[in-house]
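Undergrad: Read off the chains here:
Number of protein chains: 4
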Amino acid sequence: MKETVIKENLKIELSDPVLIEGLPGLGLVGKIAVRHLIKQLGAKRFATLYSPHFPYFVLVSKKGAVRLLNGSFYFWKSKNGKNDLMLFTGDNQAQTAEGQYELSDCLLDFAKNHNVRLIITVGGYRMEAKEKPKVIAASTHQEVLDTALKAGALVSSTASPIVGTAGLILGMARFKKIRAMCLLGETRGYLPDPEAAKSVLEVLQTMLKLDVNLAALNEEIGKAEKMVTRLQKIEERRALQAEETRKEEDKKTTYIS
Amino acid sequence: MKETVIKENLKIELSDPVLIEGLPGLGLVGKIAVRHLIKQLGAKRFATLYSPHFPYFVLVSKKGAVRLLNGSFYFWKSKNGKNDLMLFTGDNQAQTAEGQYELSDCLLDFAKNHNVRLIITVGGYRMEAKEKPKVIAASTHQEVLDTALKAGALVSSTASPIVGTAGLILGMARFKKIRAMCLLGETRGYLPDPEAAKSVLEVLQTMLKLDVNLAALNEEIGKAEKMVTRLQKIEERRALQAEETRKEEDKKTTYIS
Amino acid sequence: MKETVIKENLKIELSDPVLIEGLPGLGLVGKIAVRHLIKQLGAKRFATLYSPHFPYFVLVSKKGAVRLLNGSFYFWKSKNGKNDLMLFTGDNQAQTAEGQYELSDCLLDFAKNHNVRLIITVGGYRMEAKEKPKVIAASTHQEVLDTALKAGALVSSTASPIVGTAGLILGMARFKKIRAMCLLGETRGYLPDPEAAKSVLEVLQTMLKLDVNLAALNEEIGKAEKMVTRLQKIEERRALQAEETRKEEDKKTTYIS
Amino acid sequence: MKETVIKENLKIELSDPVLIEGLPGLGLVGKIAVRHLIKQLGAKRFATLYSPHFPYFVLVSKKGAVRLLNGSFYFWKSKNGKNDLMLFTGDNQAQTAEGQYELSDCLLDFAKNHNVRLIITVGGYRMEAKEKPKVIAASTHQEVLDTALKAGALVSSTASPIVGTAGLILGMARFKKIRAMCLLGETRGYLPDPEAAKSVLEVLQTMLKLDVNLAALNEEIGKAEKMVTRLQKIEERRALQAEETRKEEDKKTTYIS
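Just so you know, the protein sequences line up as chains X, H, Y and S, in that order. Residue numbers for the first sequence follow my numbering, so the first one is 8 and each next one is one higher. Residue numbers for the second sequence follow my numbering, so the first one is 8 and each next one is one higher. Residue numbers for the third sequence follow my numbering, so the first one is 8 and each next one is one higher. Residue numbers for the fourth sequence follow my numbering, so the first one is 8 and each next one is one higher.
Hints in this document: simulated from the structure, not taken from any laboratory. Keep in mind it's a predicted model, so treat the numbers as computed, not measured. There may be inaccurate statements among the hints.
Since the list gives no way to pick out one identical chain from another, each pair is judged satisfied if it fits inside one copy or across any two copies.
25 Å max Cα-Cα, derived BS3-like pairs, lysine-lysine [as the list claims (entries may be wrong)]:
hint, residue 1, residue 2
1, Lys183, Lys230
2, Lys69, Lys184
3, Lys69, Lys18
4, Lys139, Lys69
5, Lys70, Lys141
6, Lys14, Lys240
7, Lys216, Lys254
8, Lys254, Lys14
9, Lys70, Lys184
10, Lys183, Lys70
11, Lys46, Lys84
12, Lys69, Lys157
13, Lys9, Lys183
14, Lys119, Lys69
15, Lys254, Lys84
16, Lys18, Lys184
17, Lys139, Lys84
18, Lys233, Lys119
Next comes chain X alone, as it looks inside the complex:
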C-alpha cells in the first residue's frame, strides 16, 4: 500500500448527502460525536479507508480476529426527504503532514464522487470550560456559518488554528467546490469528553433537523465526570503528600544544624 485508498463494500445512492467527519483528536470529541450518531441513527457501513500514513500495527479482537487501522464510512437515509447522511470516523489521524494532506484529499474526492455538497467536520478545542461546553464554528461559506450560529454555535474570539483532518478538509474543500464547516466543542482535552460531544451534537441536530436521542450520552458523561473527580482526588492527595514530605525535610534540616 503506497497511498491512502477507500474500498467500497456496498454501492449506494444518496440524496443530497451531507458528510459528517470526526476522527480522534482533543477529548475524542469528534469520534464520540460521530459514533453516537451512527449508533442512534442505525447508520450502515459501506466503505473503508486504509492508509500507509497510519501507525504500523494491527488491532486484535478478543476473539483473535485482526484488522488494519482504518477509517469507516457509514450512510443513513433520511425518512422525510431531507438530506441523507454520510458519516466518517476512524482509529487514527495520519502521522505526517504529507499524510494528513493526502488523506484529506482522498476524503474530498470520495465525497465529491458521492455528490456531497456540504461537509461538516467535528472535534474539540482546548479550553477550561466552567459550565456547559460552548461550540465554536468556522466555515468556507458565510451562509453555512450562519446556520450554525443560528443553531447556537459561536465564532471563536481567539481564532486559533484547526489542526488535522477536521481543519484541512475545510481548507481544501474549495478546490472541489464543496462547502464545508467545522464544529468544535470546548474540552480540557486530556480525557474522552462526551459532554463536549453532546454540545456539538445539539448544534448539529438543530442545523440538520435531525432527531437523535442525545440523552443516551448522559450515562457516558456521568462516567467521565466520575473519572475526572477521581483523578482530581489523586492529584490533591499527591499535593498533600508532597507538602508533608517538605515539612518533614524542613524538620530534619533544623535537626542537623
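Based on these hints, arrange chains H, Y and S on the given structure of chain X.
TA: Using the frame of chain X, we list chains H, Y and S on its own:
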C-alpha cells in the same frame, strides 16, 4: 533503489505452499524460530528482498565480504504431499510507517505470485512469563485460528495490537485474498529468547504436521538462561552497592552536623 | 494534495518582471519587507501556492472563515516602463528538506513561465547589530551583485550559508537560466524586526528605482523597540531577583552552620 | 528538484575508468583523501550531482557567489595506458535512509554509463589508533579484496558495518555488475584526520600504481596534530580546575560544619 524489490535467483514451483514469516522483533522470537526451521529442514534460499526503508549501512563478513541489509526467501519441498513451505526472515524491520506498509505489500504480492494461500507470521509479545512461554494466535479467518487453538495456542485476553510486518501482513492479506495467521510467543523481550521461539515452533509443527527437531534449540535456551542469570546477578550487586553508598553517605551527613 | 501547486486566479501579462520573494524566517525580515512593498505599491494578488509540506492546520479568521496555509503572488505594473514586479510571501517555510527543494523548484518554474529574468529573495541573518542594520548581498551573477553593492549592500565577511527558500532559489536558479540575488538584513532574529526590513527595502528601492514610502515603517519600528526594551527590563528584573535569592540563601546557610 | 540528478558540463571518454568515491564522514577521511588526489593529479571537474536529500541551505563564497550543496565528479587520464580515474566527493551525505539509497543508486547508474568496472569508496572507521593508522578493506569480489591486502590493507577482525554512501555503493554494486571495494582508515573521528587519509592513499596508490605526492599531506597532518595537542591540554586544564574546585568545596563544607 526507490522502492522495495525482490530478486529471485532460482525459479521454483511449489505445491500449495505456506509462507512462514519471522523478522527481528521482541526477543528475536520470529527470527530465531524461522532460522531454526530453515536449518532443520535444510530449506534453500531462492530470493532476496532489498528496501530503501532499511537502515543505510552494509554488513561486512569476517572475510571482508559485503552485503546490503536484506530479507531472504527459502523454500522446502514436502516429502509426503503435504504443503511445501516458503520461509522468510531478514536483518531488519522497515524504519518508517510508509516503509512498513510498502514492505508488507511487496511480501504479499510475492506470496500471491507463488500461489501462497496461507501465511503464518511469527514473533513475540511482551509478558513476564513465569513458566513455559504461552503462544497467542490471531488470524484473518476463524477456521485458520481454530487449527492453531487445537495445536495449543491461545487467544489473547488483552487483545494488544501486533506491531510491524507480522501484524501488517495479516491486516493486508484480505486485499490479496490470502488467509493469514500470527503466532506470538511470550517473552520479556529485551534478550534473544529461544525458549519463546520453541513454544511457537511447537504449535507450528502440530498445525502443519512438520517433523522438526526442536530439542536442537535446547542448547541455545541453556545459553540464554545463563545470560539472564548473569544479568540478574549484576543487577543485584548494583543494588547492593547503591545501598552501601547510601549508608556511607548517611554516616557522613551525621558526622558533618 | 500530493505536491506543491500554484493556482492562478487572474491571468496577467507582465513586462520584464522582477520577482521579489520573502517568506517568514529570522526576525520575519523577508515577510515584513515584502508585505510592506505590497501595501505601499498597492500590488494585487493573482495566484496562490499550496503545499503538503506546510504544517497540517488551517487558519481561522475572527469572522469564522477558514483558509489553508499558503503563499501568495502579487503583481504591480510599473508606470514608467521600468520592470513590473511580482511579489511572493506566505505563512510558512516548507517543513522538510525534500519539501524545501520542491517548493523552490515550483516557484522557479512559475517565475520562468511568467518570463521572470531576475529574482530577489529577502530575509534576515543573525547578528547583534549595534547601529543601523547592515544588508548583506549574495548572487548568482557578479553584475547583479554589483548593483546591490552600489545600492549600499555589503558582501558578507563570514560567508555563512543561506537557509531555506531564500537560499535554495539562488542555488537552483541557474537550472532555469534565471539570475537571482539575496538581500539579508542584520537582525537579532528572535522578534519581528521591521528595522532590518527597512534596511533591506532601502537597498531594494535604490536597485530597482522604486519610489516606496519607507517612513511608513517607522511606527512599526517604534513598537518593536518598545517591545525589546520591555523584554530587556523583564530580563534585568529576573536577574536582580535571582541575585537577591542567592544572597538570602547564603544567609540561611550561614545561619544553619 | 524531486530527486537526485547529475548534470554533466563536459562530455568525456575514459579508458577503463576506476571511480574513487569519498564523501564527508568520520574524520573527513574520505573527503580529504579524494580531494588530495584531485589536487595532486590535476583532475578536472566534468559533472555535478544535486539532491533534495541534502540539507536545505546554500553556501556563499567570500565574494558573494552562491551554490547549492552538491557532489562533484572529476576525471584524470592516465599517461601510460593504465586505468583512467573518475573521482567523486561532495559537501554532504544524504540526510535520510531513502535519500542514501537513492543517491547511491544514482552514482552507480552514472558509473555504469561511463563504463566503470571498479569502484573504490574511501572513508574512516572509529578506532583509537596508537601508531600509524591501519587501513581496513572490504569488497564485493575476493580478487579485488586480494589486491588491497597485497597493498597493505587488512580485513577487519570486528566486521563492523559500513555506514553511508561508502557502504551502500558496495551493497548495490552487484545489481549493476560492477565490482566495488571500500578502504577505511583508522581515525578517532571527531576531527579532520589527514593522517588516516594518507594511510588510505598509500594503499590506493599501490593498488592502482599511481604516482601521487603524499608528502604534501604532511603539513596538514602537522596542523591536525597541533590541534589535537591543544585540545588535550585544554581538557587537562579543565580536569585540573574541576579537581581544585572540588577541594575548595570540601574545605568549605568542613568550615560550615
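Undergrad: All hints are to be evaluated individually against the structure, with a verdict given for each.
TA: Verification of the supplied hints:
1. Lys183 / Lys230: Cα proximity of Lys183 and Lys230: none, with 41 Å in one copy and 42 Å across.
2. Lys69 / Lys184: between (43 Å within a copy, 23 Å between copies)
3. Lys69 / Lys18: neither (30 Å within a copy, 41 Å between copies)
4. Lys139 / Lys69: between (37 Å within a copy, 23 Å between copies)
5. Lys70 / Lys141: between (40 Å within a copy, 17 Å between copies)
6. Lys14 / Lys240: So Lys14 and Lys240 fail the 25 Å test inside a copy (47 Å) and across (55 Å) alike.
7. Lys216 / Lys254: So Lys216 and Lys254 fail the 25 Å test inside a copy (60 Å) and across (69 Å) alike.
8. Lys254 / Lys14: neither (63 Å within a copy, 66 Å between copies)
9. Lys70 / Lys184: between (44 Å within a copy, 21 Å between copies)
10. Lys183 / Lys70: The answer is between: 23 Å across copies meets 25 Å, while 42 Å in one copy does not.
11. Lys46 / Lys84: within (14 Å within a copy, 51 Å between copies)
12. Lys69 / Lys157: between (45 Å within a copy, 17 Å between copies)
13. Lys9 / Lys183: Result: close both inside a copy and across copies, 23 Å intra and 15 Å inter.
14. Lys119 / Lys69: The answer is neither: 37 Å in one copy and 29 Å across copies each exceed 25 Å.
15. Lys254 / Lys84: neither (66 Å within a copy, 75 Å between copies)
16. Lys18 / Lys184: Answer is both; intra-copy 24 Å and inter-copy 21 Å each pass.
17. Lys139 / Lys84: Neither. Shortest intra-copy (31 Å) and inter-copy (54 Å) distances fail the 25 Å Cα cut-off.
18. Lys233 / Lys119: Neither. Shortest intra-copy (43 Å) and inter-copy (52 Å) distances fail the 25 Å Cα cut-off.
In this structure, the hints that do not hold are numbers 1, 3, 6, 7, 8, 14, 15, 17 and 18, in rising order.
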